[in-house]
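Participant: If you read the protein sequences in the order shown, they are chains A and B.
Our numbering numbers the first residue of the first sequence as 1 and each following residue consecutively.
Our numbering numbers the first residue of the second sequence as 1001 and each following residue consecutively.
Be a bit skeptical, because a hint or two may be false.
What the hints assert, rightly or not - Quick list of in silico lysine-lysine cross-link-like pairs, BS3-like style, CA-CA up to 27 angstroms:
no. : chain 1 : residue 1 : chain 2 : residue 2
1   : A       : K70       : A       : K9
2   : B       : K1049     : A       : K71
3   : B       : K1103     : A       : K83
4   : B       : K1103     : B       : K1049
Stated by the list, open to error - Residues from chain A shown here face chain B by an in silico Cβ test under 10 angstroms; the list is partial:
no. : residue
5   : I4
6   : S7
7   : N28
8   : A31
9   : Y35
10  : L43
Rather than coming from a laboratory, the hints here were simulated on the basis of the structure.
Being a predicted model, the structure only gives us computed values, none of them experimental.
Every residue gets a Cβ at the ideal spot worked out from N, C-alpha and C, and that includes glycine.
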Amino acid sequence: DGGITQSPKYLFRKEGQNVTLSCEQNLNHDAMYWYRQDPGQGLRLIYYSQIVNDFQKGDIAEGYSVSREKKESFPLTVTSAQKNPTAFYLCASSIGRGDQFFGPGTRLTVL
Amino acid sequence: AQSVTQPDIHITVSEGASLELRCNYSYGATPYLFWYVQSPGQGLQLLLKYFSGDTLVQGIKGFEAEFKRSQSSFNLRKPSVHWSDAAEYFCAVGAERGGSNYKLTFGKGTLLTVNP
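With the rest of the complex left out, here is chain A (with noise of 0.2 angstroms):
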């Protein structure tokens, strides 16, 4: 089946570690994203990529990084200059116009 599967679904990391979340999808879809979502926020663009070895900042870029080697990958790391990274992320893909497809998400705590 086709889809987007994110791992871990839970992860915990002391403060000042760098942490990566996986992101990948067999949906053949050319672009990707990744979003975070906190209480009552709904959900605010970190970063996005259309197309391999290409990327962009979204609204919330601070303290995160990203790549895509891959049409299949899309890894975002949570780096020590992220101020407050606990939050539920969440990684999406689409072709065509905006019909993005949701993965189910990674819950990220720093302790």
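Following the hints, put chain B in place on chain A, whose structure we already have.
Facilitator: Chain B in isolation, oriented as in the chain A frame:
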């Protein structure tokens, strides 16, 4: 820049009652509008979308939405709510990014509780 307002943070309805979730948008051009649903701890699922044409759009799970340009609104409706509809609902507006893919701006969501 585009924006989305969902005026109701939390709505409670009884099972079998009708439902309307409000969404107002701000965008300088013709908007592309979406409604997504999220169950607790899960990803988002697309309910329906509006690109052009008929202003009343039908979606999955018996939901529909009506685009009203004069009111900058895209309200979601369902004639009879089921207990399984309890979830958080997000309205989003899409902006073209110089290609065929769109950047979505989401509202803050409306949490729906369904009483038996």
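Participant: Compare the structure with each hint and give your call.
Facilitator: Evaluated hints:
1. For the hint pairing A:K70 with A:K9, the CA-to-CA distance comes to about 22 angstroms; that is within 27 angstroms, so the pair holds.
2. Proximity of B:K1049 to A:K71 is assessed by CA-CA distance (about 26 angstroms); at most 27 angstroms being required, the pair is judged to hold.
3. Taking the CA atoms of B:K1103 and A:K83, the gap is near 25 angstroms; set against the 27 angstroms cutoff, the hint holds.
4. Our distance criterion of 27 angstroms between C-alpha atoms is met by B:K1103 and B:K1049, whose separation comes to about 14 angstroms.
5. Of the supplied interface hints, the one on A:I4 holds, with its beta-carbon coming within about 8 angstroms of a beta-carbon of chain B, less than 10 angstroms.
6. At a threshold of 10 angstroms, the smallest CB-CB gap from A:S7 to chain B is about 13 angstroms, leaving the interface hint violated.
7. Against a cut-off of 10 angstroms between C-beta atoms, the interface hint on A:N28 is violated, since the closest Cβ of chain B lies about 14 angstroms away.
8. This hint holds: A:A31 has a C-beta 4 angstroms from the nearest C-beta of chain B, less than the 10 angstroms allowed.
9. Given the 10 angstroms rule on beta carbons, the hint for A:Y35 holds: about 8 angstroms separates it from the nearest Cβ of chain B.
10. Because the closest C-beta pair between A:L43 and chain B is about 4 angstroms apart, less than 10 angstroms, the hint holds.
Consistency with the previously given hints fails for numbers 6, 7, ordered from lowest to highest.
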